[in-house]
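Student: Sequence:
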Amino acid sequence: MIHPAISSINLTTALGSLATIARRRPMFMSKVVQAFETLHANLPPTLAKSQVSSVRKNLKLQLLAVLKHPCSLEFQGQISTLLLDLGMPQSEITRCTPTPREQRKRPRYEQYTEGKKVKIEPALIEDDEDKEEPAPIPVSKPVAVPVAQSAIDLTAEFLRPLLNPENVANLVLISMVYLPDVMPASFQATYTPVESAGTDAQIKHLARLMATQMTAAGIGPEDSDTKDHAVKHKIPSEMVGQAISVVGSYTGKPLSTEAPAVKKLPEPILPSAQTKMSGAGGRKKVFRLSDVVQPFSDSQIEVLTSKAVKRILLSEKAISQSGMSHVRVKLLSRLVTQFDGMMKGDVLEFILDDIRTRSDLAFSLLYQEYNTYLSQLPSGLLDSYDHCLYTLLSGLQEKPEQKDGLFTKLVLEAPIITESALEVIRRYCEDESRVYLGMTTLKELIIKRPSRQFQYLHVLLDLSSHEKEKVRTTALAFLKRMYEKDHLRDYIEKFALNYLQLLVHPNPPSLLFGADKDTEVAAPWTEEDVRQCLLLYLSLLPLNHRLVHELASVYTEAIADIKRSVLRAIEQPIRGMGMNSPELLLLVENCPKGAETLVTRCLHILTDKVAPSPELVERVRDLYHKRVADVRFLIPVINGLEKAEVIQALPKLIKLNPIVVKEVFNRLLGTQHSEGSSSVSPLTPGDLLIALHNIDSSKRDMRSIIKGTDGAGRGRPHSSGKSSS
Numbered sequence: 001m002i003h004p005a006i007s008s009i010n011l012t013t014a015l016g017s018l019a020t021i022a023r024r025r026p027m028f029m030s031k032v033v034q035a036f037e038t039l040h041a042n043l044p045p046t047l048a049k050s051q052v053s054s055v056r057k058n059l060k061l062q063l064l065a066v067l068k069h070p071c072s073l074e075f076q077g078q079i080s081t082l083l084l085d086l087g088m089p090q091s092e093i094t095r096c097t098p099t100p101r102e103q104r105k106r107p108r109y110e111q112y113t114e115g116k117k118v119k120i121e122p123a124l125i126e127d128d129e130d131k132e133e134p135a136p137i138p139v140s141k142p143v144a145v146p147v148a149q150s151a152i153d154l155t156a157e158f159l160r161p162l163l164n165p166e167n168v169a170n171l172v173l174i175s176m177v178y179l180p181d182v183m184p185a186s187f188q189a190t191y192t193p194v195e196s197a198g199t200d201a202q203i204k205h206l207a208r209l210m211a212t213q214m215t216a217a218g219i220g221p222e223d224s225d226t227k228d229h230a231v232k233h234k235i236p237s238e239m240v241g242q243a244i245s246v247v248g249s250y251t252g253k254p255l256s257t258e259a260p261a262v263k264k265l266p267e268p269i270l271p272s273a274q275t276k277m278s279g280a281g282g283r284k285k286v287f288r289l290s291d292v293v294q295p296f297s298d299s300q301i302e303v304l305t306s307k308a309v310k311r312i313l314l315s316e317k318a319i320s321q322s323g324m325s326h327v328r329v330k331l332l333s334r335l336v337t338q339f340d341g342m343m344k345g346d347v348l349e350f351i352l353d354d355i356r357t358r359s360d361l362a363f364s365l366l367y368q369e370y371n372t373y374l375s376q377l378p379s380g381l382l383d384s385y386d387h388c389l390y391t392l393l394s395g396l397q398e399k400p401e402q403k404d405g406l407f408t409k410l411v412l413e414a415p416i417i418t419e420s421a422l423e424v425i426r427r428y429c430e431d432e433s434r435v436y437l438g439m440t441t442l443k444e445l446i447i448k449r450p451s452r453q454f455q456y457l458h459v460l461l462d463l464s465s466h467e468k469e470k471v472r473t474t475a476l477a478f479l480k481r482m483y484e485k486d487h488l489r490d491y492i493e494k495f496a497l498n499y500l501q502l503l504v505h506p507n508p509p510s511l512l513f514g515a516d517k518d519t520e521v522a523a524p525w526t527e528e529d530v531r532q533c534l535l536l537y538l539s540l541l542p543l544n545h546r547l548v549h550e551l552a553s554v555y556t557e558a559i560a561d562i563k564r565s566v567l568r569a570i571e572q573p574i575r576g577m578g579m580n581s582p583e584l585l586l587l588v589e590n591c592p593k594g595a596e597t598l599v600t601r602c603l604h605i606l607t608d609k610v611a612p613s614p615e616l617v618e619r620v621r622d623l624y625h626k627r628v629a630d631v632r633f634l635i636p637v638i639n640g641l642e643k644a645e646v647i648q649a650l651p652k653l654i655k656l657n658p659i660v661v662k663e664v665f666n667r668l669l670g671t672q673h674s675e676g677s678s679s680v681s682p683l684t685p686g687d688l689l690i691a692l693h694n695i696d697s698s699k700r701d702m703r704s705i706i707k708g709t710d711g712a713g714r715g716r717p718h719s720s721g722k723s724s725s
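Residues 1 to 725, numbered by UniProt numbering, are exactly what the sequence shown covers, in order.
Every clue listed holds true.
Derived Cβ-Cβ restraints for the label pairs, each shown as a range:
1) D490 - M342: 44 to 54 Å
2) S325 - E444: 25 to 35 Å
3) G405 - K468: 19 to 29 Å
4) T556 - H487: 25 to 35 Å
Taking lysine-lysine and the DSBU-like style, the derived pairs with C-alpha atoms no more than 30 Å apart in a straight line are:
5) K204 - K60
6) K485 - K470
7) K49 - K31
8) K448 - K494
9) K662 - K652
10) K399 - K330
11) K344 - K330
12) K330 - K307
The hints are simulated quantities; they were obtained by calculation from the structure and are not laboratory data.
Beta carbons: idealized from backbone N, C-alpha and C, even for Gly.
Using the sequences and the hints given, assemble the complete structure.
Tutor: Okay, here's the thing in C-alpha cells:
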C-alpha cells in the first residue's frame, strides 16, 4: 500500500530499491512487478503534474532495467503492458527484451552487470510520452502462472471473463456519476490513449489494474457477495477518486442507490487528519521515514544480522555459478569486520571447513581486518586481526588433511605476523612431521620481512637447542645457511656466544629450561645441558675459525664436569677446521693458561689419522720450549720432531701413564695412523730400543725404563722376523 503523503523523491528512491532487489534477487521479481503495477494504478493524489511526470519516467526506466534481466522472461507480458501504458513504443520494448537464445550465449557474469548500466535521470523533467506515436497492438505471450497465486492474480482471473462488452458499457455508464467537476491533475498527467482496446492483452491488463485497486481496498472474489457493503465503508475517499484514473472497480450490486451520496463527496484530496498538523499554523505535514519506522532492539539487530550472514554463506554455490563470487567475498569480509560477536566465529568456522576452496574469503577477511586497524591509528588495536589470523593458522595446524602449502601462503601473505601467530608457527616447526616445511616458512619470513627479521630469526635460534633431535638438527642446518648472509651473521654469532658463556656458571641457568629470566637453578650441569649450550656454537665453528678463541676463554673458567663434556663434544668441529687453520695454529701458539688440556685434545684430534703438518709441529715446539714445558704437548706431533728431540724427551715420556706411553710408541712405530697415511717416524724400532737402554738409570726410575722397553718391544713390527729382545 502506497502512503498517500509520500513525496516524489522518496517514491523515486523506493522504485530504484525495488528494481535493484529484482535484478539481484530474481526470486522476488514477482512481488516487485506487482508493486510496480500497484503504483502505476495508484499514484498518490498529492503529487503535482510535473512530479507525476517525473515518477512515471522513473518507473519506465526501472521497468526497462528489470525487463533486460534474463530472469524476467515469465513477467515480460506484464512489464511490456506497463511500458505501453507509460508511452513506450513496442519496437523499443522488443529491442530491450532478452530472448532465450541470447541468454544461452551470453556469459552469466554479464547478466548481473547489465543492470548496473541503467542510470536514474533527473526527477523533475516533463514527460513527453503524449507526443509519441501510438503504440501498435501488442502480441500476447503465454505467461507462466506461479503455483502459489497472489490475491491480485486471483482477482484478475475472476474479473477477466466478466469484462465483456455489455458489462464494460454498464461500468462506463455507472462511472459517469463519479466524475468530478474538474479533471484531477493526476489523471490528466497519467492518461494515455488506449489504442489496443478490446484485445486480449488489453483486457488482461485492465483486469489486473482493477484487481490491484480492489485488493488494495480489501475487496476480492471470496467476499464479493457477503462483505461488499462492509468493505465499501472502509474505502477512504481518495481511493474513490483514484479509481477514475482507470476504468473503475467491480461491484456485484447496482450502485445507483448510493450515487447521490457519492456525488456529494469532495474532490480526492488528503483527509484533514493527514494534511494538517496539530498546531495552529495548519501547515502540511511532511512525510518522514523516521515517523513510521520503529528502531530495532539490539537482540533483533543481532538476530537479523546473523541470519543475513548465514544466508550469504550458504549461497556459495549459487553465486559461484553467476560469476559474482568476488562480490560475495567482499561483502562478507566487510560485514564481519563491522559486526563483532558470534558472526565472526561462524565465518571462520565456515572457512576452515573447506579452506582450500574458501581461501579467497580467508585472505579477504584478513586484509579487511588489517585495513580496519590502519583506519583507527594511532589508537587502533590489533586484537581483532590477531584473533582472525591466529584462528586460521591454528585451524590449519589442527587439520592434517589440509594442504601444507596453504599454511605457508597464509603466513607469507599476511600483512603482519602477531606474537600469537608466531607462536603457532613455532608449534608448527616443533611438529616432527612438519618440521622442514615449518622452518622453510620461518626462513622465508626472515628473508622477506626485513623489518622484523631478527624477531623471526630468534625463534629459529631457540629451536637450535630444542629437546627433540630432529627439530634441533633441522634448525641447525637452516642456521648454517642463514649464517652465510652478512646481515644476519652478527646476530647468529652473538646468540651462539651468549649460550656458550652460560657454561661459566656453576649451575645451569633457568634460561635453558624455558624460563623468562636468566637465573641459576640448584640442579647440577648434565651432559645434555652442556651440549645444548654448545650445539649452535660448534656448528658455526667450522664456518668461522675465529670463534675457537672464545671456547678457550670459557674453558678456563668452567668447572671440571663442563670441561670433560667440552673435550668430548669438540671432535667433529675441530676435525672440520683442519690443522692448517690459522686461528687454530694461533690458539696453539698462544695457549691460554688453564686451557692446556683443551689444546692437547685439539692436537690429538688433528693428528689422530693424519701426520702433523710442519706448521703445527713448529707451533708445538715453540710452546713446549718457551711457555709450557709439559712433555704431553709433544705426543701428538712426535712424528714431526727431530730424532734428537725425541730421544731427549723419552726419559720424560716413559714416566707417564702406561696407556699414554703405549700411544707414544704406537706413534713412533707407525701403528697409530690408518692405512694409506704417510707417516715417517724419526726413530726406527732399533733406534728406539737403543735409546731406551741408554737412559741413565741413576736419574730415572728403573721400573719405568723396563716398562718402556717392554712396550717398545711389543709395539715393534715383526716384519724382519727377529726377536724384539
